[in-house]
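Keeping their order, the protein sequence lines are chains A and B.
End of the first sequence sits at 111 in this note's numbering; the numbers just go up one at a time, nothing left out.
End of the second sequence sits at 881 in this note's numbering; the numbers just go up one at a time, nothing left out.
Think of the hints as simulated: they come from the structure by calculation, not from any bench.
Each hint should be verified, as a subset may be incorrect.
[To be verified] The calculated lysine-lysine pairs, modelled on BS3-like cross-linking and capped at a C-alpha distance of 25 angstroms, are:
| hint | chain 1 | residue 1 | chain 2 | residue 2 |
| --- | --- | --- | --- | --- |
| 1 | B | Lys76 | B | Lys561 |
| 2 | B | Lys179 | B | Lys446 |
| 3 | A | Lys23 | B | Lys722 |
| 4 | B | Lys35 | A | Lys56 |
| 5 | B | Lys729 | B | Lys245 |
| 6 | B | Lys722 | B | Lys561 |
[Stated by the list, open to error] Output of the computed footprint for chain B on chain A, the stretches with three or more beta carbons under 8 angstroms from beta carbons of chain B:
| hint | region |
| --- | --- |
| 7 | 17 to 24 |
| 8 | 71 to 84 |
Backbone N, C-alpha and C define an ideal beta-carbon position, used for all residues, glycine too.
The residues making up each chain are set out below.
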Amino acid sequence: MKRTYLGEFEEIVLLTVAIMGDKAYGVSITEEIEEQTGRSVSVSAVHAALHRLEEKNMVSSYMGDATAERGGRRKRLFSVTALGNRTLDEIRLLRNRLWDNIPLRIFSTLQ
Amino acid sequence: MKPQPPRWADKLLEWFCAPHLLEEVQGDLHERFYKNVRVFGERLARREYIIGVLSFIRPFALKRNVQSSQSSIYLKIMISNYFKIAFRNFLKHKGYSAINLFGLATGMAVAILIGLWIYDEVTFNQSHENYARIGRVMQHQTVRGERSTRENNPIPLGKELRSSFSGDFKYVVMATQTKKYIISSNGENTRQKGSYMEADAPEMLSLKMLKGTRTGLSELNTILLSETLANTLFGDEEPLNKIIKIDNELNVKVTGVYEDFAHNSEFNDLAFIAPFNLLVASYDYIRDHQDDWGNNFLHIYTQIAPSADFDKVSAKIKDTKLKHVDVEYASRKPELFIQPMSGWHLYSAWENGANTTSEPLRLIWFYSTIGIFILLLACINFVNLSTARSEKRAKEVGIRKAIGSVRSQLIGQFFSESFLMVALAFVLSILFVLAILPWFNTVASKDISIPWAEPFFWLANLAFIALTAVLAGIYPALYLSSFKPIKALKGTGSSSRFRLGRFASLPRKTLVVIQFTVSVTLIIDTIIVYQQIQFAKSRPVGYTRDGLLMIPKTTDELRGKYEVLRTELKNTGVVAEMAESASSLTDIGSMNGGFEWRGKDPNLNVDFGTLGVTYEYGKTIGWQFVDGRDFSRDFPADSSGFILNEAAVKLMGLKNPVGENIRWDTDFFDGEHFKIVGVVKDMVMSSPFEPIKPTIFFLQGYKNYVIAKINPSVSTADALPKIEAAFKKIAPNMPFDYQFVDETYARKFGDEERVANLATFFAILAIFISCLGLFGLASFVAEQRTKEIGIRKVLGASVVSLWQMLSKDFVILVIISCLIATPIAWYFMSSWLQKYTYRTEISAWVFALVGVGALAICLLTISYQAIKAALMNPVKTLKNE
């Protein structure tokens, strides 16, 4: 099967969307990533990544309700699609398999 | 107040961000901003906000959602598809495309060049700011029933216009005709063209002052220099307030330096301007004519008042001169009018008081015709190659129609193709123009540059591209889009391939005939122009031009020093002989009437060229006698002797001219008698295209030119410094401004040679473009008939017979073209030759030669393709079925 590959940042964004549940939108995702990874992330980078993920059908989105703190503007809320979930699973499986295949000798030195 | 994100950043975001993303993006940024305000304070939040906005300048946020403009989406896709198809076609047939592109670019380059040339001509004088309001005073006069129009006027007229019509004119400026004066600075003398003008001239002509001001002529002893002259005289030194001398007499102070006049200005050769009042104050002959209404020697330039218009002012001043002249002069009916600056260049030829076609205007017509034809030739190439290949496009047209294209869409498609091709050709043609412009400027003696900064230029180019694209594309578009889809799609194999009918190639053949007719006509014309020039050049001049030098006597220093100078020059050893004459050898200065001779028809009223010379004149220039003898110091009576040329003898009708008496009654000679001592062969002294003027040579009068014959055994380079030294010894203040007679004479052909050179250039391009087209067509035909040729070869046809078969069609077309071109060229050239009295005959061999030449070039062009096709291995061509 031809699989769509994800970049490292895309993967992090996709995982964060999965964590956030139904509260995933630009700012909240940005803050969550900053919190989880400790690195500073710009809103535009997150938007760009979300845009790409949506093009790859990894996430879907809909416009939420207007909120006062945003000057009455609506949020775009994201959720992970089935394809996104499967991709995350596959990535995880692949990683696990690779970890499992590291010989013990080396594994111990790594530890 | 609640903190707000920076307004400009918000605006910026709203401007660049795609509308469908704006809401969420702006919302997120705002939300983050307010959080930042709470946590870090307003300053930092604002900074972060700006960075946030700027970092959104990336493709995904900029890209508009095309889905939002539903209505035009199909149109956009379709047009981009048209260009895509055009581009693919272009790349697929590289050879044809290159021919098309190259031909079009050449044609367009010629059209652009000619366009620039015409633009330069019609914008003549427009560099003057007051262009629209400047005019010159002109007058019609009727003398002996002939109405002539001049731009020369008397001094009092200027004053009269200023005082009596002050409301109509903003400025009235009297100016002398531009001529050469001696300008001396630091002991260096040069001759420079200049004019004396009244003080308002710099303001009226809107001189661009580099140094000093436009009021520089208000004092008497002042002068304004052109940038070039200031550089020549002073180099890097400061020219202002330097004292220089005009004609070794007038000391003037430099009060200003102006930028040289534009090359296409009436005044472009003006190297300096001095105050007119200085001229009046310094010379008696001017002062004496201050109130003389009959002496027309000035130009009067005017700038009319903002409220006035030329016609009304002209009507007002019409009789101003008539009122002031005496009865005798009034019989000439002087009629004044003002010619606006816009007419000075192109409408400067007059006949019987009305404008006739001037030479510049004629040339504009001539070149624009050529330009249009050459562009047409290039367009024909495009048409021919597109329609010839139509068979290949037929299927595409069929399919497009079958799936629902309407004809107008197909027309649009083919237009987009021609548009693409023409746009590419235009870029190439601009490169051509850039490359060729320096050469063109030399040949056309112009100073044209591409006006990149003019919006007009770009508009004109857009219009030009559109026009060419339509011209080239209209026939192919209509033709290709007219195919019936069923016919076009019916067969697939080459045996049942779509046929275009027997007459399908007729328009194409007609166009080829037109191309070659134009090219052949141009070539014949060019050759005849050259023949005419050669004919006039080889006209016997009647004297020996080699090593003849003319030096104008610009100061009085040589007065009465004829013998001194002659001895001095002969002592140098480089001068064989020296003489003086009243006018230059290439121009007869004065014409006079008032001659009476035995047997003269009393009603005959003719002017003869009259030329004062010295005894050594004949020996110096080597004239040839048909009768009698040269002037000689051994015969004292020769001081009242005449030598006539053959034309004069013929006009007088004298059987035995030598010894005849002639009575001359003029201002200078009050009925004095002269005796003819000799008759010389006609000498060409004025235009080589005109009949020889009857001329009389005599020994009296002031001589303006020194003529020296350099010893044939001495080289000019050695001789010149020695001659100059001799002159400097006797006349130190006189610039040694020499001319070689042969060079001056050659310049008389300048206009004709310019036309000839440009015509050659255009003729070569025309035949080149036509051959390009022929080459393309030939290769197409050869390709189309590959199978046929293969079968013929298998059945035993020879290469020669195949070559004949392929060439025949084209050769017939070229022969037809030659037949059509012959009468057209003959008609045009015989009317062109009417302009010249001394003209060559149009001989039949020119037509024959050009015909054979055109055939040869045509054969050469198609033979390459024909032989290539004929040499192909039939096994290869027949195999792939």
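Original post:
Does the structure keep lysine 729/B and lysine 245/B at a Cα separation of 25 angstroms or less?
Top reply: holds, 20 angstroms
Original post:
Can the restraint linking lysine 179/B and lysine 446/B be considered satisfied, given a maximum Cα separation of 25 angstroms?
Top reply: holds, 21 angstroms
Subject >> Distance restraint between lysine 23/A and lysine 722/B, which requires alpha-carbon spacing of 25 angstroms or less >> reply: violated, 105 angstroms
Original post:
Are 3 or more residues of the region 17 to 24 of chain A near chain B, judged by a Cβ distance of less than 8 angstroms?
Top reply: violated (count 0)
**OP:** Measure nothing beyond the straight line between the CA atoms of lysine 35/B and lysine 56/A; if it is 25 angstroms or shorter, mark the hint as holding.
**Re:** violated, 32 angstroms
Subject >> Hinted pair lysine 76/B and lysine 561/B, Cα distance within 25 angstroms >> reply: violated, 89 angstroms
Original post:
Hey, lysine 722/B versus lysine 561/B, does the alpha-carbon distance stay inside 25 angstroms?
Top reply: Roughly 18 angstroms between the alpha carbons, so the hint for lysine 722/B and lysine 561/B holds.
Subject >> Three-residue Cβ test at 8 angstroms for the coverage of the region 71 to 84 of chain A by chain B >> reply: holds (count 5)
Hint compliance for this structure: hints 1, 3, 4 and 7 are broken, all remaining hints hold.
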